[in-house]
Amino acid sequence: MNNTDIRQAFLNFFQSKEHAIVPSAPMVVKNDPTLMFTNAGMNQFKDIFLGNQEGKFKRVADTQKCLRVSGKHNDLEEVGHDTYHHTMFEMLGNWSFGDYFKKEAIAWGWELLTGVLKIDKNCLYVTVFEGDDKEGLARDNEAIEFWKQHLPEERILLGSKKDNFWEMGDTGPCGPCSEIHADIRSEAEKAKIPGRDLVNKGDPHVIEIWNLVFIQYNRMAGGQLVELPAKHVDTGMGFERLCMVLQGKKSNYDTDVFQPIIHVIAQKAGIKYGDEPTTDIAMRVIADHLRAIAFAIADGQLPSNVKAGYVIRRILRRAVRYGYAFLGFREPFIHDLIPVLIAQMGQVFPELVAQKDLITNVIREEEAAFLRTLSTGIQRFNAYITPPQPLPKKGGAGVEIAEATPTDTLSCVTRHVSQVIDGSFAFELYDTYGFPIDLTELMAREIGWTVDMEGFTTGLAAQKNRSRQDAIVDTSDWVTLVEDAGMPEFVGYDLLQADTWITKYRKVVSKGEELFHFVFAQTPFYAESGGQVGDKGWLISGDEKIEIINTIKENELIIHLSRSLPSVPSQKIIARVNREIRTNVANNHSATHLMHAALRKVLGTHVEQKGSLVDENRLRFDFTHFAKLSKDEIARVETLVNEKIRENIQLKEARSLPIAQAKALGAMALFGEKYGDHVRVITFDPGYSVELCGGTHVPATGQIGQFKIISEGAIAAGIRRIEAISGKKADEYWHSRESLLTEISDLLKNPKDLLKGVNNLLNENVDLKKQVAELDKLKARQLKEEFAAQVKHYNGINFLTAKVDLDAETVKNLAHELNASIPDLFLVLATETDGKATLTVMLSENLVKERKLNAADIIRELAKEIQGGGGGQPHIATAGGKNPAGIMAALEKAKGFVIT
RNA sequence: GGGGGAUUAGCUCAGUUGGCUAGAGCGUUAGACUGGCAGUCUAAAGGUCAGGGGUUCGACUCCCCUAUUCUCCA
186 MNNTDIRQAF
196 LNFFQSKEHA
206 IVPSAPMVVK
216 NDPTLMFTNA
226 GMNQFKDIFL
236 GNQEGKFKRV
246 ADTQKCLRVS
256 GKHNDLEEVG
266 HDTYHHTMFE
276 MLGNWSFGDY
286 FKKEAIAWGW
296 ELLTGVLKID
306 KNCLYVTVFE
316 GDDKEGLARD
326 NEAIEFWKQH
336 LPEERILLGS
346 KKDNFWEMGD
356 TGPCGPCSEI
366 HADIRSEAEK
376 AKIPGRDLVN
386 KGDPHVIEIW
396 NLVFIQYNRM
406 AGGQLVELPA
416 KHVDTGMGFE
426 RLCMVLQGKK
436 SNYDTDVFQP
446 IIHVIAQKAG
456 IKYGDEPTTD
466 IAMRVIADHL
476 RAIAFAIADG
486 QLPSNVKAGY
496 VIRRILRRAV
506 RYGYAFLGFR
516 EPFIHDLIPV
526 LIAQMGQVFP
536 ELVAQKDLIT
546 NVIREEEAAF
556 LRTLSTGIQR
566 FNAYITPPQP
576 LPKKGGAGVE
586 IAEATPTDTL
596 SCVTRHVSQV
606 IDGSFAFELY
616 DTYGFPIDLT
626 ELMAREIGWT
636 VDMEGFTTGL
646 AAQKNRSRQD
656 AIVDTSDWVT
666 LVEDAGMPEF
676 VGYDLLQADT
686 WITKYRKVVS
696 KGEELFHFVF
706 AQTPFYAESG
716 GQVGDKGWLI
726 SGDEKIEIIN
736 TIKENELIIH
746 LSRSLPSVPS
756 QKIIARVNRE
766 IRTNVANNHS
776 ATHLMHAALR
786 KVLGTHVEQK
796 GSLVDENRLR
806 FDFTHFAKLS
816 KDEIARVETL
826 VNEKIRENIQ
836 LKEARSLPIA
846 QAKALGAMAL
856 FGEKYGDHVR
866 VITFDPGYSV
876 ELCGGTHVPA
886 TGQIGQFKII
896 SEGAIAAGIR
906 RIEAISGKKA
916 DEYWHSRESL
926 LTEISDLLKN
936 PKDLLKGVNN
946 LLNENVDLKK
956 QVAELDKLKA
966 RQLKEEFAAQ
976 VKHYNGINFL
986 TAKVDLDAET
996 VKNLAHELNA
1006 SIPDLFLVLA
1016 TETDGKATLT
1026 VMLSENLVKE
1036 RKLNAADIIR
1046 ELAKEIQGGG
1056 GGQPHIATAG
1066 GKNPAGIMAA
1076 LEKAKGFVIT
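In the numbering used here, the protein residues as written are 186 to 1085.
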């Protein structure tokens, strides 16, 4: 059976058991502060388990794209070294929401594996929760009884709370679970050690393939468990592992899920898979990571240097690193694997096909960027291991002593003998320059050096500690004022003010700042989402008016942020949104829709939204497009948007439209966005802009006033960013441009043709510059002649002192020019500005060499006369002082250095 | 969100306890050589040293702030 058939068999089986087959949720999670990526099949049903939401179906099954790289399940550094862990994997799952329970879950699980997929019953073991005295939980005898109907008792094993009791978090729904394990060892091995002794012992060939969770308790904040009225089933089966078992392989990577990819990698590297453990690991790492990165990008998560984007970047870099270190790749290579990945998975996951170009370009660009980072690191590494060259003679006495001192020689030798890369240097390479520590080790080993790993680890620990200290957020428990309030109702599409009450609140302390989170029974406040910022406004409780500084979402819960708490939290309140801010935000949001449509009209329908930020000042829009927008294209977009504004198109809002109907209207949906069955559709002219959107909009486009693009640029390969303004901000923009123009025109005495006026000015300027340069030359010649006449000759030295009235830069230039025209020059120039005196001493090179004169020494002596200090180089030095009266004395004193 | 680094000519980058009239390579322009092209040689133009403030006789260099960007951690 190939992998496509296996996946389909699972879905068909549960469909036959009256399950609704739902699509995979995006891998990238939004609106859940505890989670960056989907890490289990149940994530998209979290609100149902938490009781926040009713499920639409009682029975559901799907295959879910999952990514496990951060947080509790952090396998990243292990992936590739073993044969069954992955970053990105598919989780096959079936769910019952208050419908069937243990009996059916167990029976169907067994029927699918042994009846439909024909796995040898004798290879399978199951585990059951053994109970826990501390929790007062009994053994899951129910499950045992059901299992006994399918397999002999000696293959039903008991497991501890750690392995067989599943909890979502510190609080919330939980319950015992039953795992199905498969023993895929050879008959000879099975004869030596019975499989039951290896279950949950880390043997790569006796592995868990399916976990059936029976959710029957709710863990309260105090730690006690309460029986749930509605019991649920939540199962998850690792698709790649199932393929391994069914295809009779010993490694997930030997299945047809990975082999085609590994084959291409091996071909490109010119190394056979199976030749050597290190190169095998590298190929597995690349094959695994390729999938994770490609799916993440398809779901709209681009590599970046923060948060989820940074996790993706790190995965990609790990793949590049392995390819670089073990397979000899020196050029971007991962993006070349996209076609084979698409051939593999494109049919099941059409988002890969649709975004092929973007995925390829983004990966290529990231690879190239990282290879540059590596080459910088290699340079720094080489500079570090190369002993410093002996210093050329500097003229100081210190050098001679150093050359003769045995200790110095010794230290030089020590450095070579010790051959240790300092831990702090290795950490600096890693931390500041992004150079991976394992590459530092590898390169050190190649030249017979070692790395002080202890020092490196110390540095890393200190860094982690700093970050952790900073990120500490102390969240208190919710204080519930109204029990069973359910989800708050959002009324902000129609109202900006509502009479309501606080259902619960809590205190959150972060970095010494104390904030309060409120949940209202109903609220006009829009919570930050879909790129639109959260509403600001006020909570009015009796005589108190408390400022709401932001509104955010946790999953579907709308939370209002404030710096203080009303004195009587339980009384009725008025929730009032700041109207002015909301209006500006709505202007920008509707303008974004108009611009999105305009971009597709002007540039083509390949334009897809990749990110959006809308606040009261501006709008920012990232979209797919492969070239810089020309001035003309920008102008056309602006013109089109402004035309649509003037048409004053009425907003058509459909609050709850079946998604199929919305798509039929041509509504633009985003990859990586999770939509329910019913969606909100925002239309400005059915023939122009139809989008799925939860944000707040203008009643008619005329309110936007006007629209202006402020900047356009690239943010990643194939992604452009536009920033624009609308309404009042656009007014302000044009006003400032106009006043600039008026000022320029005023400066030029309001010429008839301003452009011509500026051109004339520029041409005139060029001519005048030429004339000035000529005059300067002439003046310099005259000045030099003048000074030459004043030169006094002592002992073969041309001695010249003068007080001049010039700025510092000109004095320096004059000194250099005189030096160039008068040989054997000893020059002292003095100036006086703002009650301060400045001296400059210039000596010809040959005077410095032959007569051992030093301008820096001389100037220090002269500076005493003007009560100041200074210094410089042997041939030119400057000094400043606060006593201009001493200038003449200083010039007189200079003679003393020539007449000896 | 926190730490570290970077920002110098159109591009890629040097600039070593603060003092060399800020340099190199590529590119640009002009001239010469060549029958033409490719090219070679010579010369020139091109810099608010990211922006602002401070310390100093003197700041590309040291300190502070801001912006942009890279990188590590959370």
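Rather than coming from a laboratory, the hints here were simulated on the basis of the structure.
Computed from a prediction, not measured in an experiment: that's the story for all the values here.
Don't take every hint at face value.
Think about it this way: if two alpha-carbon atoms lie no more than 30 Å apart in a straight line, the pair counts; the simulated DSS-like pairs of lysine-lysine are [as the list claims (entries may be wrong)]:
#1 K1049 / K969
#2 K375 / K333
#3 K816 / K941
#4 K241 / K786
#5 K346 / K243
#6 K306 / K347
#7 K434 / K306
#8 K215 / K837
#9 K541 / K786
#10 K913 / K816
#11 K492 / K816
#12 K913 / K969
#13 K333 / K346
#14 K757 / K721
#15 K941 / K988
#16 K306 / K435
#17 K375 / K435
#18 K969 / K893
#19 K988 / K1067
#20 K303 / K375
We went through each hint and held it up to the structure:
Restraint check: the Cα-Cα separation between K1049 and K969 comes to about 29 Å, which is no more than 30 Å; the hinted pair holds. Distance check on the hinted pair: K375 and K333 sit about 23 Å apart at the alpha-carbon level, within 30 Å; holds. Between the alpha carbons of K816 and K941 the distance comes to roughly 23 Å, so the proposed pair stays at or under 30 Å and holds. About 38 Å separates the Cα atoms of K241 and K786, which puts this hinted pair outside 30 Å; it is violated.
With a C-alpha separation of about 28 Å, the suggested pairing of K346 with K243 holds against the 30 Å cut-off. Taken as a hint, the K306 and K347 pair is honoured in the structure, with Cα atoms around 26 Å apart against an allowance of 30 Å. Restraint check for K434 and K306: the C-alpha separation of about 17 Å stays at or below 30 Å, so the hint holds. Of the supplied pair hints, the one linking K215 and K837 holds, its CA atoms being roughly 27 Å apart against a limit of 30 Å.
Straight-line distance between C-alpha atoms of K541 and K786 comes to about 22 Å, which keeps the hinted pair within the 30 Å bound. Pair hint K913 plus K816 holds up; C-alpha atoms about 24 Å apart against a cutoff of 30 Å. A C-alpha spacing of about 34 Å is found between K492 and K816, which places the hinted pair above 30 Å, so the restraint is violated. With a C-alpha separation of about 62 Å, the suggested pairing of K913 with K969 is violated against the 30 Å cut-off.
Taking the CA atoms of K333 and K346, the gap is near 21 Å; set against the 30 Å cutoff, the hint holds. Proposed proximity of K757 and K721 is supported: the alpha carbons are some 19 Å apart, at most 30 Å. Of the supplied pair hints, the one linking K941 and K988 is violated, its CA atoms being roughly 46 Å apart against a limit of 30 Å. Under the criterion of a C-alpha separation no larger than 30 Å, the hint pairing K306 with K435 is consistent with the structure, at around 18 Å.
With a CA separation close to 14 Å, the supplied pair K375 and K435 stays within the 30 Å bound. Proposed proximity of K969 and K893 is contradicted: the alpha carbons are some 59 Å apart, above 30 Å. Distance check on the hinted pair: K988 and K1067 sit about 16 Å apart at the alpha-carbon level, within 30 Å; holds. Restraint check: the Cα-Cα separation between K303 and K375 comes to about 20 Å, which is no more than 30 Å; the hinted pair holds.
The structure does not agree with the numbered hints 4, 11, 12, 15 and 18 stated previously, though it agrees with the rest.
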